[in-house]
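Protein chains in written order, with my numbering: chain A, 1 to 338; chain B, 339 to 676; chain C, 677 to 1003; chain D, 1004 to 1330.
Quick caveat, the hints were computed from the structure, so don't treat them as lab data. Be aware that a few hints might be false.
What the hints assert, rightly or not - Under the rule of at most 30 angstroms between Cα atoms (straight-line distance), these lysine-lysine pairs were calculated in the DSSO-like manner: (1) D:K1045 <-> B:K515; (2) D:K1206 <-> D:K1256; (3) B:K383 <-> C:K718; (4) B:K383 <-> C:K857; (5) D:K1045 <-> A:K45; (6) A:K177 <-> C:K857; (7) C:K899 <-> C:K879; (8) D:K1307 <-> A:K45; (9) D:K1045 <-> A:K101; (10) D:K1256 <-> A:K45.
As the list claims (entries may be wrong) - If the Cβ cut is set under 7 angstroms, some of the chain D residues that face chain A in the computed set are: (11) A1022; (12) R1023; (13) R1026; (14) P1036; (15) F1041; (16) P1060; (17) A1062; (18) G1125; (19) A1129; (20) S1131; (21) L1182; (22) V1300; (23) G1304; (24) Y1309.
The beta-carbon is built from N, C-alpha and C at its ideal position, and this holds for glycine as well.
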Amino acid sequence: MASEPKVRVSLPEGLTADALREMYYRMVLTRLCDERAFALNRQGKIPFAASCKGHEAAQVGTAYAIRRGTDWVVPYYRDTALALALGVTPREQMLCLFARKADLFSAGRQFPNHYSVPDRHIATISSIIAAHITHGVGMALAFRMRREPVVTVVCFGEGATSEGEWHEALNFAGIHKLPVVFVCENNEFAISVPQRLQMAIPNVADRAAGYGFSGVICDGTDPITTYTIVREAVERARAGGGPTLVEAKCYRAMSHTTDDNQLTYRTPEEIEALAARDPIPRFERWLRERGLLGQDDAAELRRKAQAEVDEATDWAEAQPPPAEEDLYTHVYASGPLS
Amino acid sequence: MASEPKVRVSLPEGLTADALREMYYRMVLTRLCDERAFALNRQGKIPFAASCKGHEAAQVGTAYAIRRGTDWVVPYYRDTALALALGVTPREQMLCLFARKADLFSAGRQFPNHYSVPDRHIATISSIIAAHITHGVGMALAFRMRREPVVTVVCFGEGATSEGEWHEALNFAGIHKLPVVFVCENNEFAISVPQRLQMAIPNVADRAAGYGFSGVICDGTDPITTYTIVREAVERARAGGGPTLVEAKCYRAMSHTTDDNQLTYRTPEEIEALAARDPIPRFERWLRERGLLGQDDAAELRRKAQAEVDEATDWAEAQPPPAEEDLYTHVYASGPLS
Amino acid sequence: MAVKTVLESVRDALHAEMARDARVFIMGEDVGPRGNVFLITKGFLDEFGPQRVIDTPLAEASIVGIAIGAAMAGMRPVAEIQFADFIYPAYNQIVGEAAKIRYRSAGGFSCPLVIRTPYGGGVRGALSHSVSVEALFYHVPGLKMCVPSTPADAYGLLVSAIRDDDPVLFLEHKRTYRLIKGEVPDGDFTVPIGKADVARPGKDVTVVSYGLMRHYAVEAAEKLAPEGIDAEVIDLRTIRPLDRATILTSVAKTHRLLVVHEDQKFGGVGAEVAAVVAEEAFFDLDAPIRRVCGPDVPAMGYAKEYEEAFMPSPERIAAAIRELAHE
Amino acid sequence: MAVKTVLESVRDALHAEMARDARVFIMGEDVGPRGNVFLITKGFLDEFGPQRVIDTPLAEASIVGIAIGAAMAGMRPVAEIQFADFIYPAYNQIVGEAAKIRYRSAGGFSCPLVIRTPYGGGVRGALSHSVSVEALFYHVPGLKMCVPSTPADAYGLLVSAIRDDDPVLFLEHKRTYRLIKGEVPDGDFTVPIGKADVARPGKDVTVVSYGLMRHYAVEAAEKLAPEGIDAEVIDLRTIRPLDRATILTSVAKTHRLLVVHEDQKFGGVGAEVAAVVAEEAFFDLDAPIRRVCGPDVPAMGYAKEYEEAFMPSPERIAAAIRELAHE
Ligand SMILES: Cc1ncc(C[n+]2csc(CCOP(=O)(O)OP(=O)(O)O)c2C)c(N)n1
Ligand SMILES: Cc1ncc(C[n+]2csc(CCOP(=O)(O)OP(=O)(O)O)c2C)c(N)n1
Ligand SMILES: [Mg+2]
Ligand SMILES: [Mg+2]
């Protein structure tokens, strides 16, 4: 790991050099987790995986923009980098991929990446798109009622904005000027459906006007821009300035999930061209230019991350699966009824 | 009825002097139907009524803006003037108020004013707010698929815009540039909930931008302005120009329905002040100023309308109610199943 | 003890819990200055303020969804759906979300939420203000469902529902609101969720019912007493969990079961009650299991004649009991 | 006759009806270039064009609501809900609207709409891609509901559904898509909505089932034949309307009823089947009515172990038949 940079550069407000390197590390760690997940799927070891490749910068930027341990996040199923940046460990990630009994998020009940980590302030979600957005608004309402200085961040894809519940959530948040920040990770596709068939407008952010608050677009392949814009929104919300809709423009590098094949609706050229937008080499360059990452640091961080992922994979795979009786836990507070 | 005016005045495009007088007549007729409905309720003859007092201009203006027999309307439960202007007769109106077997709209099954008149191109609706908006969009889709030059007009209150389905309907219409015109009759209240608790913005029309088409505000207490603006939108839609969201600003003079008492949430002063916005005397003045209505015409039209309403009331009251076996009709095309 | 209506009891229970626990709040359409369309929350806004009595936009999915979020964040929301007919837009939040939050998060989150809604017919509510929705939700594990019929049960069950750590759908039959009066104990008390009530003990026929029909069933049973037919009427009070034990005990005594509900027959709650008895008490039965229910048509109509034809009456219930007693 | 999978039959039926009737069109998420997530509509976009194969926004209420409007305007839409778990947002449109359009307009409008959706577990679909939704809809008069289990029935019922003048919810068990192969007649044919199929004749026990469980029930029955237990398996094929006659005829012969479904037990379709038999064939019965169903927990989990524990297996079904035969 590089020591503090020789040349003093001005860092983004609120981020130390260590934090910046940590952001980079989390992006790499996520990438390796995602790659491992796809590999495990190909090996027939897990039936399903989804990758956030192309979204890492948007997510890590968002994670660092909030006050950890204070603010809450209601993520969506593509928010692996967000979760890892908020402290979800590779072991925890692998437990959910293998659907082990000890899976922290759901005890092996939900698809992978459906985080639920109360102690790291990550709320539970289902696979039902957009159903979580009102939950974030309700959490914000609760915090405001109790006069706690907490901001809730809710993430979703651009496809989710078509659901009626999305509209209802933003409408309520606007009326009550709640401390909530909506982050749309716009990757231009909802499975195979391109944005032009999802909405008649180029920018999701433009819809914020209809709810009486502002919408901001940012380059979601750049963690620093995303960080800056989300942080501003978060602190405005905390100060009583109401919600913001942030649209982080990013892209989806992989097929929607391992069950999808994007070649059925995207050309190989289109997919190849996406590589130029990869947030990881870009952020690496940014850090290097500022002397925050030395010559061999990137490779070393990658090795470290790979070791973490390898260890976590082996460990998680060896953990026991749920037993039949686990089917009946957590139905009601008082146990199963019938 | 006045003969053609002595002085030639320029009439709104597409409206003859007769049509203008007819618009006036329909407004008066509606007012008298509504008053009769409330009176019947006070007399204990019908359990429920809702009045469109304050909306007549917006509705009649809309009705005259479409091509009758070609275009379709998907109204909402406050669209009495719209329905009467589209040819629903006072007898038909009274049949639904009395819930008679011969009730054309629902055979006495639905609340009053839930029109359903295929031969006058008025679609069926339920009482579930906003559920009809996607139907209008689907009808527009069907007409477009069949290349019929038909425009569909969908009406709703400002409260309905909060429902997720409203958003979904407008989003789809925008994407596919469907021949549909959305008319929001904004009366500033949803039962007791004022607009500021319904949305964070002053104008519903501003939301159209989020769907990629234009939103227009008009004075919904003036039938001519409403007519002009809706007509423009309808013809643009017919010409392939896509949807428009028209916001007709009007007001609700009476309580939400006979089950409501607006004095629980509005001051008497506020309610009294509304009288100044009454569209009927205002339109009367407009017609007089242009020589389209003579000295005694208004009184005579009122008498004529009153006679129609009286006759219709007596006639409808005398019609038979549904019989027990009517419960089982129209469950399926093939009859009741079980 | 004071005599109250069901409506007053619902109001009193809400009021008492709001006063007792700062985590309890109300959200719904027209619950503010208007005090709810039945005037249940009249005066609440002045007393508890707009933070705890929230007049929501006209959007049921968000009423429930926002309440879920607040519940996950430690509050005890009472979400109101103005009429049960308008609960459909919130179906995703109730069935897809609230009911599964504890299970899907392996206990990481809970959802202590009450969804109150007036249901049922007999008030000239027409096609869209008369529905019974219990059969659309009672299949859903993770939810609980209460259907009180008396003022005391309305109070005691609503307090239990608010204090419950899981989502409870609380169905209030709107015809009972002002029609049904009864004694209600003073002060704080609860009625446990999951316990049926023997509304009228008897030995010849078991009549299982709930909501308004409980009262019609008791009326029917009283009518038959002079004929020497002694019917036992069970008021379920809670549909999920269902109090199987009370039903089975009764059938073991009477050997005959009639289920009565206003809701349509096919796939209604009576189906499960019948199935439980046909499975667990088959050899106790001396006669077929009968059901008196609403007809299998889409809805209750507006005209009085439709309502009368739709809703089981004490007379129809009495006729069914009589027939069953002689079978 | 050709041997096809259920998936191929669904595709073929859609294709044939699209080709036959210009009023038929398809709308849903990813039905376009992707050809639906199971590749059911693969190639349709090229063949029928984007006006008749509409890739919709991610919004189920509007998928159904827009289809309803088009149906009211004379079209024959086939709306797809990508997975049954995502049907909840469209509940209002299906239950509150589609099912009531004919009734509420006194025949003024009809709603010839098909809503297709893959349901059920056994494909590692986890908590939100495994649900059975039949019990959430079968109570609703005005709707019809098909649950084919074989390729021929999938074809014939889907064609019937598209030609039906009322809304039909068409549930396709996703585990059967590629697993179940069978002969399908060539050319145009229909299977009537509302007729059950005797999948395996027998005389000792009636097993009523549908969907994937029909196959497991037949497997179970075959297992028991060597033991001298001869079970009759009825595949409902349609849940609403329910073919009471076929069930009652069978029970009159076997005197024993077992209902098998993957969906949770409490309030499931088995409840109504049991209730019908307990009401209409009580004196034919020699033993309690049994149900083998999914457990009353909120959902099937992702881990293989949860799926196995949740879904009735041929072994569990066989054990229940055996026990019932000896009761
Ligand atoms: C209510 C609902 N409808 C459909 C789906 C199926 N589905 C899963 S992900 C997805 C696309 C989501 O697109 P977007 O919101 O843009 O997020 P992205 O996957 O692109 O990150 C769809 C249609 C679902 N899970 N839930
Ligand atoms: C889905 C649904 N929710 C609630 C209601 C109860 N309700 C009937 S009318 C109404 C207010 C409607 O307000 P708006 O749309 O502004 O129309 P207006 O009555 O003012 O003309 C409400 C809340 C309903 N009918 N449907
Ligand atoms: Mg996307
Ligand atoms: Mg209004």
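query = Is K1256 (chain D) close enough to K45 (chain A), meaning Cα to Cα at most 30 angstroms?
reply = 49 angstroms, violated
key: Status of the P1060 (chain D) interface restraint (C-beta, 7 angstroms, chain A)   = 4 angstroms, holds
message = A1129 (chain D) was flagged as interface toward chain A. Is the shortest Cβ-Cβ separation under 7 angstroms?
response = This interface hint holds because 4 angstroms falls under the 7 angstroms limit.
inquiry  = Next item in the hint list is G1125 (chain D). Is there a CB on chain A closer than 7 angstroms to its CB?
reply    = 12 angstroms, violated
ask   = Does Y1309 (chain D) pass the interface hint, meaning its C-beta sits closer than 7 angstroms to a C-beta of chain A?
value = Interface hint status for Y1309 (chain D): holds (6 angstroms vs cutoff 7 angstroms).
task = Would you mind confirming whether the straight-line C-alpha gap from K1045 (chain D) to K515 (chain B) stays at or under 30 angstroms?
result = 26 angstroms, holds
ask   = K899 (chain C) and K879 (chain C): Cα distance at most 30 angstroms?
value = 15 angstroms, holds
query = Minimum Cβ distance from S1131 (chain D) to chain A below 7 angstroms?
reply = Check passed: Cβ of S1131 (chain D) comes within 3 angstroms of chain A, closer than 7 angstroms.
task = Could you check if L1182 (chain D) really has its C-beta closer than 7 angstroms to a C-beta on chain A?
result = 16 angstroms, violated
ask   = Any CB of chain A closer than 7 angstroms to the CB of F1041 (chain D)?
value = 10 angstroms, violated
inquiry  = Just to be careful: measuring from the Cβ of R1023 (chain D) to every Cβ in chain A, is the smallest value less than 7 angstroms?
reply    = 27 angstroms, violated
key: When the least beta-carbon distance from P1036 (chain D) to chain A is tested against 7 angstroms, hint result   = 4 angstroms, holds
Hints 6, 9, 10, 11, 12, 13, 15, 18 and 21 from the list above are not met by this structure, while the remaining hints are.
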